[in-house]
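Undergrad: Read off the chains here:
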Amino acid sequence: MSALLTVTLGAVAGLAVGAGCTRLFWYRAQLLERKESARLKELLSLKDEYVAKVSHELRTPLTAIKEGISLVLDGSLGTVNDEQRDFLKTADEGIERLAELINNILDLAKIEAGRLRLVRKKLELGAVVNSLLNSYRMVAGSRRVEFNQVPVPDVFADPNRIMQVVGNLFSNAVKFTPPEGSIRVSICQEGDHVAVSVADTGSGIAPEDVSKLFQKFSQVGGGQTRLRGTGLGLALCKELIELHGGLISVRSELGRGSLFTFKLPVFTPKLALEESFEELSEFANSSGPGSLGVLVLDIAADVSEGAQQSATPSERLAETVRRRVQQGDIVLAVGAERVVVLAIAEPNGIEAMASRLAVFGQSASSRFSCGWAVAPADGTEIHALVERARARVENCPARTAEGSENG
Amino acid sequence: MADKPKILLVDDEPSIIKVVGKRLEIAGFLVLSATDGQDALAKAQTTGPDLIILDLMLPKLNGYEVCTMLKGDTRYAQIPVILFSAKAQEKDEKMGKECGANAYVTKPFKAETLLEQIRVLLPGRDAPSAGEGTTPGVS
Chain A
1 MSALLTVTLG AVAGLAVGAG CTRLFWYRAQ LLERKESARL KELLSLKDEY VAKVSHELRT
61 PLTAIKEGIS LVLDGSLGTV NDEQRDFLKT ADEGIERLAE LINNILDLAK IEAGRLRLVR
121 KKLELGAVVN SLLNSYRMVA GSRRVEFNQV PVPDVFADPN RIMQVVGNLF SNAVKFTPPE
181 GSIRVSICQE GDHVAVSVAD TGSGIAPEDV SKLFQKFSQV GGGQTRLRGT GLGLALCKEL
241 IELHGGLISV RSELGRGSLF TFKLPVFTPK LALEESFEEL SEFANSSGPG SLGVLVLDIA
301 ADVSEGAQQS ATPSERLAET VRRRVQQGDI VLAVGAERVV VLAIAEPNGI EAMASRLAVF
361 GQSASSRFSC GWAVAPADGT EIHALVERAR ARVENCPART AEGSENG
Chain B
1 MADKPKILLV DDEPSIIKVV GKRLEIAGFL VLSATDGQDA LAKAQTTGPD LIILDLMLPK
61 LNGYEVCTML KGDTRYAQIP VILFSAKAQE KDEKMGKECG ANAYVTKPFK AETLLEQIRV
121 LLPGRDAPSA GEGTTPGVS
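Going down the list, the protein sequences come from chains A and B. Sequential numbering from 1 applies to the first sequence in this note's numbering. Sequential numbering from 1 applies to the second sequence in this note's numbering.
There could be a bad hint or two in this list.
[Unchecked claim] Examples of chain A residues lying across from chain B (beta carbon under 10 angstroms, computed):
hint	residue
1	E57
2	I65
3	T90
4	G94
5	I95
[Said to hold, decoys possible] In silico DSBU-like links for lysine-lysine, alpha-carbon gap of 30 angstroms or less:
hint	chain 1	residue 1	chain 2	residue 2
6	B	K22	A	K110
7	B	K110	A	K53
8	A	K89	B	K22
9	A	K47	B	K97
10	A	K216	A	K53
11	B	K18	A	K53
12	A	K53	B	K71
13	A	K47	B	K60
14	B	K43	A	K53
15	A	K175	B	K110
What the hints contain is simulated information worked out from the structure, not anything from laboratory work. On a predicted model such as this, the values are computed, not experimentally measured, just so you know. Quick reminder that beta carbons are idealized off the backbone N, C-alpha and C, glycines included.
Generate the whole structure from the sequences, applying the supplied hints.
TA: Quick look at the structure:
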């Protein structure tokens, strides 16, 4: 099942990178109509429910333990002596680790179900690394910590997720480096990626273990040094970086230390634009027909591509749009050229279509009652744009005119 | 001896009632509790709480249902509701807003976060100082 998912998502993602995003959405529209897709969605939602349930079951007792300890520890229930405080703090640290483990498991499960949503934006990676590093200097104690920073372009990444990755690499480096050792962090540009490296002078990893490093529950080191850790941190780092379209790797020598490097794509407006289409598409897919269905179509691109194809995709698009509109969906057209929108709308009468057709793109026509025109020129404000689009669609009068037929 | 603000704490987990209830008492509130949705609804209607802390996954009626019923009834709609759940998903927060809840706190939580939310929702009904135990760091 997950193989099918991978193939499907892979195919869709592959199309997204090509010329224009039309095919992506077209393909998705087709996919959604297939039976296996329905089955896939069902399984994904089952998995999602399971994850939510596990989350609830684990966090509830954890809350009771943490809050119970905290009530005693902060003196709310009476004076606590130093030794009691020390033991309670140890217990509290254990709870923190447990909470982190649960979060890691949940994140990994979400990634596997394809439900972890990155909120990517233009990000100054050096600043993120620097601020995290400052908070880790205290934890590092006597270990020497250096940051070799050179100017690099911004990347396109989810700040919270990247902090998770960087934090994980730092805490590993501290954990495995002796107090007299050192940790060197550097950042540099490598082609269309920015690379961050974390080098430590710690225990290192044996060559036979290196390949296992990014697998789940595979903490290496065997008998000699059983160091604390969940064994999930690096697996999660790998998933998160790859989700960003990046890479993570390690070079290590037993007894001398390790060098972890991850690379993230440099920000480009095109990347941001593609993501916004992805978001809109997800939004569209998450609402069923008849509720607030939104079909996302990049009509403009479809026309230019359609010219080279023997079939007439715009006709098929028109049919899809018509059908969805008749079902009571709102159709959101991205980057729509007016002429094509008109061509689609005409058979049903443009006024009838207007109430359910939201146009989002450079040349959107003001003739549509729910339409609006925004020019995503440089892609930097994509998220704001998507949010606005979403709000507009949700507030669209057509939605309140429940079940009304169009002409 | 001004009467303390009354909080109805709803959770099906007795250990949560115990620790969170204690935290609220120390902060100067009078705490009532319920362990299922029906009980919560009945107590909300009969005891007149100033605020309700409502877990989502409850037997009989879930938190969303209880919240929707209260918010749909003009007699109880003005009682602030804090949804309190271990479900940390975007859609939960969205559903929370849709059922009319005033705030959403995720477990495991920091005591200050919950108390801060209560203060925001009960302006002017600030918890009276409970005397000893409320100033952390004194020992």
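Undergrad: Now, for every hint given, state plainly whether the structure supports it.
TA: Tested hints:
The beta carbon of E57(A) comes within 8 angstroms of a beta carbon in chain B, closer than 10 angstroms, and the hint placing it at the interface holds. Given hint, I65(A) at the interface with chain B, holds; its Cβ is 8 angstroms from that chain's nearest Cβ, closer than 10 angstroms. Look at T90(A): its Cβ only gets to about 18 angstroms from chain B, farther than 10 angstroms, so that hint breaks. With 10 angstroms as the threshold, the beta carbon of G94(A) stays out of range of chain B, its nearest partner Cβ sitting at about 13 angstroms, so the hint is violated.
For I95(A), the shortest C-beta to C-beta distance to chain B is roughly 8 angstroms, which falls under 10 angstroms, so the interface hint holds. Of the pairs offered as hints, the one joining K22(B) and K110(A) is violated, with about 35 angstroms between alpha carbons and a cut-off of 30 angstroms exceeded. As the CA atoms of K110(B) and K53(A) are separated by approximately 22 angstroms, the hinted pair is consistent with the 30 angstroms bound. Distance hint between K89(A) and K22(B) is fulfilled; the C-alpha atoms sit about 20 angstroms from each other, no more than 30 angstroms.
The straight-line distance between the Cα atoms of K47(A) and K97(B) is roughly 24 angstroms, inside the 30 angstroms bound, and the hint therefore holds. Of the supplied pair hints, the one linking K216(A) and K53(A) holds, its CA atoms being roughly 21 angstroms apart against a limit of 30 angstroms. The suggested pairing of K18(B) with K53(A) holds, with an alpha-carbon distance near 22 angstroms, which does not exceed 30 angstroms. Between K53(A) and K71(B) the CA atoms are separated by roughly 26 angstroms; this keeps the pair inside 30 angstroms, and the hint holds.
Distance restraint check for K47(A) and K60(B): the Cα-Cα separation of roughly 24 angstroms lies within the 30 angstroms cut-off, and the hinted pair is therefore satisfied. Distance check on the hinted pair: K43(B) and K53(A) sit about 27 angstroms apart at the alpha-carbon level, within 30 angstroms; holds. Distance check on the hinted pair: K175(A) and K110(B) sit about 27 angstroms apart at the alpha-carbon level, within 30 angstroms; holds.
Comparing the model with each earlier hint shows violations of hints 3, 4, 6; every other hint is respected.
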